[in-house]
Structure formats: C-alpha cells, structure tokens
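Undergrad: Full structure from sequences and hints, please.
These are the residues of each chain, in order.
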Amino acid sequence: MSLHRIRLLMWKEFLQLRRDPLLIRLLFLMPILQLILFGYVVAADVKNLPTAVVDLDRTSTSRALDASFGASDYFVVTQRPAETELQRLMDTGQISIAIVIPEGTQAALDRGETAPIGVIVDGSDSQVASVGSGYASQIIARFNADRMAAQGVSVAAPGIDARVRVMFNPTLASVNTMIPGLVAAIVMISIMAVMGQAVVKERERGTLEQMFVTPIKPVEYLIGKVTPYAIAAVVQLLVVALVGIFWFGVPFAGQISVVVVGLVLFMLTSIGLGLLISLVSHTRQQAQQLMMLLLLPSFVLSGFIFPIDSMPAAIQPLSWFIPLTWAIQILRGAFIKGSGFEALSTQFWVLALFAVVIFGAAIVATRRRLTE
Amino acid sequence: MSSLSRIGAVVAKEFIHLVRDRRTLAVVLAMPVLQMLLFAYAISFDVKNVSTVIIDTDHTPASQAYVRSYQSSDFFTVVGTAGDLSAVDRVFDHNQARIAVVVPSGFGRTLADGGQATVAVYLDGSEPTAARVGQAFSTALNQVYGQRVTIEWADTQGLDVTGFGQLEPRVRTWYNPEKRSSDFLIPGLMVVIIMVVALQQTAVSLVREREQGTDEQLAISPMRRWEMMVGKVTPWTLLAFLDLAVITVVGIVFFHLPLRGSTLVLALGAALFVFCSLGLGLVISAVAPSLESANMLGLLLSMLPAFILSGFAFPLASIPVALQVVSCLFPARFMVTIARGVFLKGAGFGELWPELAALGGYAVIALGIAVVLYGRRRR
Numbered sequence: 001m002s003l004h005r006i007r008l009l010m011w012k013e014f015l016q017l018r019r020d021p022l023l024i025r026l027l028f029l030m031p032i033l034q035l036i037l038f039g040y041v042v043a044a045d046v047k048n049l050p051t052a053v054v055d056l057d058r059t060s061t062s063r064a065l066d067a068s069f070g071a072s073d074y075f076v077v078t079q080r081p082a083e084t085e086l087q088r089l090m091d092t093g094q095i096s097i098a099i100v101i102p103e104g105t106q107a108a109l110d111r112g113e114t115a116p117i118g119v120i121v122d123g124s125d126s127q128v129a130s131v132g133s134g135y136a137s138q139i140i141a142r143f144n145a146d147r148m149a150a151q152g153v154s155v156a157a158p159g160i161d162a163r164v165r166v167m168f169n170p171t172l173a174s175v176n177t178m179i180p181g182l183v184a185a186i187v188m189i190s191i192m193a194v195m196g197q198a199v200v201k202e203r204e205r206g207t208l209e210q211m212f213v214t215p216i217k218p219v220e221y222l223i224g225k226v227t228p229y230a231i232a233a234v235v236q237l238l239v240v241a242l243v244g245i246f247w248f249g250v251p252f253a254g255q256i257s258v259v260v261v262g263l264v265l266f267m268l269t270s271i272g273l274g275l276l277i278s279l280v281s282h283t284r285q286q287a288q289q290l291m292m293l294l295l296l297p298s299f300v301l302s303g304f305i306f307p308i309d310s311m312p313a314a315i316q317p318l319s320w321f322i323p324l325t326w327a328i329q330i331l332r333g334a335f336i337k338g339s340g341f342e343a344l345s346t347q348f349w350v351l352a353l354f355a356v357v358i359f360g361a362a363i364v365a366t367r368r369r370l371t372e
Numbered sequence: 001m002s003s004l005s006r007i008g009a010v011v012a013k014e015f016i017h018l019v020r021d022r023r024t025l026a027v028v029l030a031m032p033v034l035q036m037l038l039f040a041y042a043i044s045f046d047v048k049n050v051s052t053v054i055i056d057t058d059h060t061p062a063s064q065a066y067v068r069s070y071q072s073s074d075f076f077t078v079v080g081t082a083g084d085l086s087a088v089d090r091v092f093d094h095n096q097a098r099i100a101v102v103v104p105s106g107f108g109r110t111l112a113d114g115g116q117a118t119v120a121v122y123l124d125g126s127e128p129t130a131a132r133v134g135q136a137f138s139t140a141l142n143q144v145y146g147q148r149v150t151i152e153w154a155d156t157q158g159l160d161v162t163g164f165g166q167l168e169p170r171v172r173t174w175y176n177p178e179k180r181s182s183d184f185l186i187p188g189l190m191v192v193i194i195m196v197v198a199l200q201q202t203a204v205s206l207v208r209e210r211e212q213g214t215d216e217q218l219a220i221s222p223m224r225r226w227e228m229m230v231g232k233v234t235p236w237t238l239l240a241f242l243d244l245a246v247i248t249v250v251g252i253v254f255f256h257l258p259l260r261g262s263t264l265v266l267a268l269g270a271a272l273f274v275f276c277s278l279g280l281g282l283v284i285s286a287v288a289p290s291l292e293s294a295n296m297l298g299l300l301l302s303m304l305p306a307f308i309l310s311g312f313a314f315p316l317a318s319i320p321v322a323l324q325v326v327s328c329l330f331p332a333r334f335m336v337t338i339a340r341g342v343f344l345k346g347a348g349f350g351e352l353w354p355e356l357a358a359l360g361g362y363a364v365i366a367l368g369i370a371v372v373l374y375g376r377r378r379r
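Chains A and B are the protein sequences, given in the same order. The first sequence: position 200 = 200 (my numbering), numbered continuously. The second sequence: position 340 = 340 (my numbering), numbered continuously.
A hint or two may mislead.
[Unchecked claim] Derived BS3-like pairs: lysine-lysine, alpha-carbon spacing no greater than 30 angstroms straight-line: (1) A:K217 to A:K201; (2) A:K201 to A:K12; (3) A:K12 to A:K217; (4) B:K13 to A:K201; (5) B:K48 to A:K47.
The set of hints was computed from the structure by calculation and includes no laboratory data.
TA: Okay, here's the thing in structure tokens:
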C-alpha cells in the first residue's frame with residue numbers, strides 16, 4: 001500500500017469535484033435545507049388548531065367550556081358558527097376541529113346525568129385527528145374535575161393525585177428527536193448519493209479500465225475513492241449536529257464516544273451500500289434509481305420520521321433489517337437519554353454485524369471486479 | 001415534413017431509449033407500488049397500544065382496581081409489571097416501554113382514609129408524539145378515575161351526588177372515521193410520485209443528451225426548439241399519467257380509498273400539475289451543468305418539497321409563516337389539497353378553484369421560464 005498513490009487519487013477526485021461548482025454548492029446546501037425542513041416542518045408540533053365552537057346551550061357552563069378550549073395552547077377558537085355551517089367550514093379546511101355543546105347540557109349536569117359533548121375532528125388530516133381528539137378529551141376531563149372541586153366536595157373526599165412526568169425530553173419538542181435522527185440520515189444520503197455515482201461514472205467513461213493498468217492496488221483505489229466523500233459526510237454531519245445543539249437547542253446528555261463509535265459503524269455500512277450499488281449499476285441513472293429504492297424504505301421504516309411503535313405488529317420486524325433503525329436508536333439514546341454502551345449494547349452489536357457483512361461484501365466485490 | 005411527424009420521431013426515439021433501459025422502466029413502474037405499500041401499510045398516525053409498564057407497590061384491591069383501568073383502555077397496552085421503582089430507568093433505557101405507572105404503597109389506605117392518593121406516571125419523551133398523546137390520555141384517565149372514587153365515596157356517605165353530572169366527549173372523525181392512514185396518505189402520495197417521475201426524469205433526460213453531445217446533432221436537424229422539447233417530455237408525461245392511473249386504481253380496489261368528488265377536477269388538477277413538474281424539470285435541465293448536479297437539484301426541488309412542504313404527511317398549519325410562504329412556491333402543496341379534497345371530502349370546482357388557478361398560473365410561468373432559458377442556452 002502506498003500513501004503517495006492514495007493521495008494522488010484523492011487529488012484527482014478533488015479536481016473532478018471542482019469542475020462542477022454547482023454540485024459542491026448543492027452538497028453544502030443540502031444539510032442546511034434539510035435542517036430547516038426537518039427542524040421546522042417535520043418537527044412542528046401540532047398546536048393552535050383552528051377550532052369552531054357551536055354553543056347550543058348558551059348557559060354559564062357552556063360558556064365556561066368554550067373558554068377552557070380558548071385558553072388552551074392547542075386550540076384557537078376562530079369561529080362560532082351555526083351547526084349547519086360546520087360542513088362547509090370543514091370542507092374548505094377553515095377549521096380542523098369542532099366542539100358542539102348540545103342544548104340542555106347544563107340542565108343534564110344539574111340532574112347528575114352524563115352530558116355528551118360532540119368533538120368533531122377532520123380525519124383527512126390524520127395527525128390532527130389523533131392528537132386533537134386526545135387534547136379535547138383532556139380538556140373536558142379537567143373541566144369536570146374543576147367543576148367538582150368547585151362543588152366543595154373534593155376537599156374532604158378521596159381522590160387521585162396523578163403526577164404525570166415526562167422524562168428525557170420534558171418540553172416534548174419533536175426537534176430534539178428529529179436532529180439526532182437527521183445526523184444519521186444525512187450520513188446515509190450523502191455517502192450513498194455521491195459515492196455510488198462516482199464509481200459508476202468511471203465505468204461509464206471507461207476510465208476504470210485505465211485505472212487497472214496503473215500500479216494502483218484495489219485497497220488503495222478504495223481508500224482514495226472513499227476518503228473525500230467520507231470527509232464531506234463528516235463535515236455535513238458536524239454542521240447538522242452543531243446547528244441542532246446551538247440553534248435548535250437540542251440537549252446532548254450522553255458521551256461523545258457512544259456517538260462516534262455508532263457513526264463510524266454506520267458510515268462503514270453506508271460506504272459498503274454505496275459501493276455495492278455502484279458495482280451492480282451500469283449507468284449513473286441506474287445507480288441513482290437504485291439508491292432511491294433503498295433510501296425510501298430506510299426513511300419510512302427506520303423510525304426516523306414515523307415512530308416504529310405506531311406501525312402494525314406485522315410490519316415492525318421489517319425495521320430490524322434496516323441499518324438506519326439501529327443508528328438512529330444509538331444517536332437518540334446518546335443525545336436524549338444519555339444512554340451508554342451498556343444500555344445500547346444490542347444496537348451496537350447489530351450495527352457492527354451490518355458493518356462487517358455489508359462492508360466486507362463490498363470489498364470482496366470491488367476486489368473481484370478490479371482484478372477481473 | 002410537418003412538425004407533428006418531427007415530434008413523433010423524437011417521441012419514438014425516447015421510447016426506444018426507455019425500452020432499452022429496462023431497469024429504469026422497471027423502477028419507474030415499481031416505485032409507485034413500493035411507495036404505496038410502504039406508506040399505506042407501515043405508517044399510522046393514530047397513536048394507540050402504547051407499551052406501558054405498571055409498578056404496583058401497594059398490592060391492595062384498590063390499587064388493583066386502579067391498574068385495571070389502564071388494562072381496559074385502548075390506548076395503553078400493559079406489557080409488564082415490576083416490583084420496584086428502579087424498573088423505570090431500566091425499562092426506558094432499554095426501550096421496553098414508553099410509559100411507566102407507579103402506584104406507591106399506601107395508595108389503598110389513603111383512599112380509604114379519604115385522602116388524595118398520589119400516583120406517578122412517567123412518559124418517555126424521546127418519542128414526542130406518543131408522549132404528548134400519552135400525557136393527554138393519562139391525565140384524562142386519572143381525572144375520570146378520581147371522580148369515580150369521589151362519587152362512590154359521596155354515595156356511601158349518604159351525600160347528594162346529583163350535582164356531580166359529567167361531561168363526556170363523543171369524538172367523531174369526519175371524512176375518515178376509522179382514521180385509516182392509507183386514506184390520508186394515498187392521495188398525497190400521488191402528488192409525490194408524479195413530481196418525482198415527471199420532474200426528475202425530464203431534467204435528467206435532457207442533461208444526458210447534452211453530456212453525450214447528441215443535443216448538437218439535434219440542433220442542426222430541421223427540428224425546431226419547441227418540437228424537440230415537446231417530443232422529449234411526452235414519454236414522461238405519459239408515464240406520469242400511467243403511474244397516476246395505477247395509484248388511483250390500486251388505491252380504490254385494494255385500499256378501499258373512497259373517491260367522493262369529481263373525477264374531472266382531479267384529472268384537470270393532475271394535468272396542470274404534470275405541466276408544472278415538466279416546467280420545473282426543463283428549468284433544471286437548462287441550468288445544470290452535469291448529470292450529478294441535475295440529480296441533486298431534482299432531489300432538492302422535487303423530493304424534499306413534495307414530501308415535506310406539501311402537507312402530504314406533515315400538517316402545514318403549525319409551521320413558521322416564512323416556510324408557509326416558501327411552500328406556496330412549489331406546486332405540490334396545491335395538488336395535495338386538490339387530491340385530498342376530491343378523494344376524501346367530495347370537493348368540486350366550487351371549493352377547489354383557487355388551487356386549480358394557482359396550478360394553472362404556475363404551469364404557465366414554469367414552462368415560460370424553461371422556454372426562455374432553453375433558448376438562451378441554444379444560442
């Protein structure tokens with residue numbers, strides 16, 4: 001192995017990259033754009049839902065209920081329409097949740113009966129539907145409790161004092177889980193996208209054959225080819241992690257060593273996947289499409305955006321076969337929970353296995369191709 | 001030779017390229033099906049069956065009755081019980097459960113004495129959506145349970161309980177009563193797929209012509225500029241419409257997606273949207289110097305906005321105003337509203353004309369810019 005030859009190859013890659021200034025700019029724009037989109041859009045927490053309150057009761061109780069919805073962060077009462085208007089407001093999307101207080105609500109309460117309150121949610125927006133109905137139930141339950149306390153009974157009566165506490169991420173900000181996931185995702189995207197293309201390009205142009213007749217050895221070729229893109233990926237993930245910590249205020253509770261080991265294993269896996277893609281593809285177009293075919297299930301099934309817990313039980317095992325799943329669990333564990341090697345040992349072993357198998361297969365395949 | 005036959009010649013040439021590259025063709029046709037399976041089966045926004053561990057250190061009939069209220073709830077799935085408090089840390093560290101309920105010893109005695117019995121509910125905040133809904137549901141569950149305890153007590157004390165009427169939420173979900181995420185996602189997915197096929201492929205196919213130098217050969221042929229552009233984009237337009245039809249049929253037949261509104265509005269919207277995507281694709285192909293940057297630009301201008309800024313999976317109402325403005329710069333957002341409106345809400349021209357107008361305007365502007373840029377490049 002000759003360091004000199006590796007350096008020359010790296011220099012060649014660098015020169016080639018420089019010829020396409022738009023590509024370099026895009027490579028740096030990518031993490032920033034993804035930070036903005038994932039940090040502000042995907043991690044946006046549902047609140048300020050436009051709400052309509054239809055008060056058919058017109059009593060002090062119904063007005064108090066109306067007010068408790070208005071006082072909540074989750075709902076903004078924008079309309080107080082007639083009941084017949086609801087359909088139109090919902091159809092045009094002006095409201096996404098409606099509270100209907102039927103006539104006779106207060107009278108029913110005074111008789112000691114259970115009075116139904118209509119909560120209508122817009123099911124064409126699933127996230128709003130599930131979160132909104134939960135919040136509405138919570139507000140109505142609290143309203144009941146307050147009413148009871150106002151009766152003056154509960155002071156002497158037994159009751160439950162529930163202390164609901166959120167651990168690890170007390171503000172429940174989604175961005176705190178999104179950024180650690182994005183760090184892993186960006187490693188995968190940028191390594192696979194650029195590296196997969198780079199090798200196929202040499203093949204398309206026939207320069208790969210020229211490479212064989214030079215004294216360069218397969219291992220040297222691999223290191224020289226991979227290093228520039230690995231460096232670019234490290235720069236990108238540093239940008240994401242630093243912007244996440246300093247701009248979005250993501251807490252870092254864990255050890256750096258956990259993150260570094262996890263990322264190194266995951267980078268080896270991604271490099272291996274990138275190489276395998278470029279070995280089976282004949283054109284850059286095919287490599288690009290193959291990459292998309294791999295990236296999409298990875299993003300959807302890894303828990304990066306959509307929690308694995310909510311997936312049907314039959315689908316969940318699929319996520320075990322995706323390296324990104326384990327990388328994200330390691331990064332989230334380290335960032336949010338401060339977990340160490342002991343708590344994450346399963347994740348580390350699985351990721352190590354992926355790295356050995358995929359990277360090993362890629363090296364064997366490259367070597368075979370180069371010596372053929 | 002008429003311009004129609006010249007366009008036909010380019011279309012035929014493109015189809016030959018397409019058929020020769022079987023893999024690309026397979027991917028373009030398999031992609032929508034794969035995406036549909038993934039999104040329709042794997043993703044659910046309805047948070048329920050959240051794994052819960054119960055740590056009952058009281059072991060009295062009162063505490064067991066309290067624990068049962070979790071077991072009978074749809075939201076909590078009790079996956080285990082533990083004896084001591086240290087289990088909370090272990091369970092959360094190893095991702096075994098998202099919620100831990102701790103009933104301290106003395107729970108039953110406090111209630112019997114007429115006091116406020118304390119319980120603790122711990123939520124794993126590293127999965128914020130589950131935690132947020134879990135917070136709401138556990139608060140509500142405890143309040144309801146507490147009131148029941150109070151009323152039972154008041155009843156045994158011979159107090160008048162008629163003043164304790166309760167409000168009870170009756171939740172109804174319109175348009176999608178079973179909260180099936182496939183109903184919600186498939187109309188939006190249509191938009192993502194058209195954007196990717198029409199935009200990305202158009203962008204790439206023109207750049208490739210340039211990289212291989214064949215565009216100069218085309219330039220000296222009697223073909224006019226617009227004829228060549230029309231011929232180039234026609235195959236991808238056809239493929240985009242084919243994908244669209246596949247998704248609609250599979251969605252309706254296999255996923256029982258309701259088609260409540262006007263098919264005409266949907267077709268019109270889709271056609272306008274395909275033109276918008278083609279326009280954007282042509283603009284990219286005019287500015288990108290290489291295949292790599294065309295791919296990357298396509299990714300930035302098609303995939304990311306179509307997935308994230310369109311309201312396809314993530315509601316746009318809660319995002320910062322600046323980004324809402326940005327989302328209006330991409331046609332995907334309007335098309336998602338149209339697709340979802342027609343499929344789920346039964347909307348027609350009356351409700352959707354602003355979106356259709358926006359798409360129409362967008363298509364004219366994007367194609368106009370593409371023609372200007374292309375003309376400049378040729379000269």
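Undergrad: Regarding the pair K12 of chain A and K217 of chain A, is the alpha-carbon distance no greater than 30 angstroms?
TA: holds (16 angstroms)
Undergrad: Has the given pair, K217 of chain A with K201 of chain A, been kept, meaning a C-alpha gap of at most 30 angstroms?
TA: holds (19 angstroms)
Undergrad: Mind checking the alpha carbons of K13 of chain B and K201 of chain A for me, to see if they're no more than 30 angstroms apart?
TA: holds (24 angstroms)
Undergrad: Against the 30 angstroms threshold, does the CA-CA distance of K201 of chain A and K12 of chain A hold or violate the hint?
TA: holds (14 angstroms)
Undergrad: Tell me if the straight-line CA distance from K48 of chain B to K47 of chain A falls inside 30 angstroms.
TA: holds (20 angstroms)
Violated hints are absent here; each numbered hint is respected by the structure.
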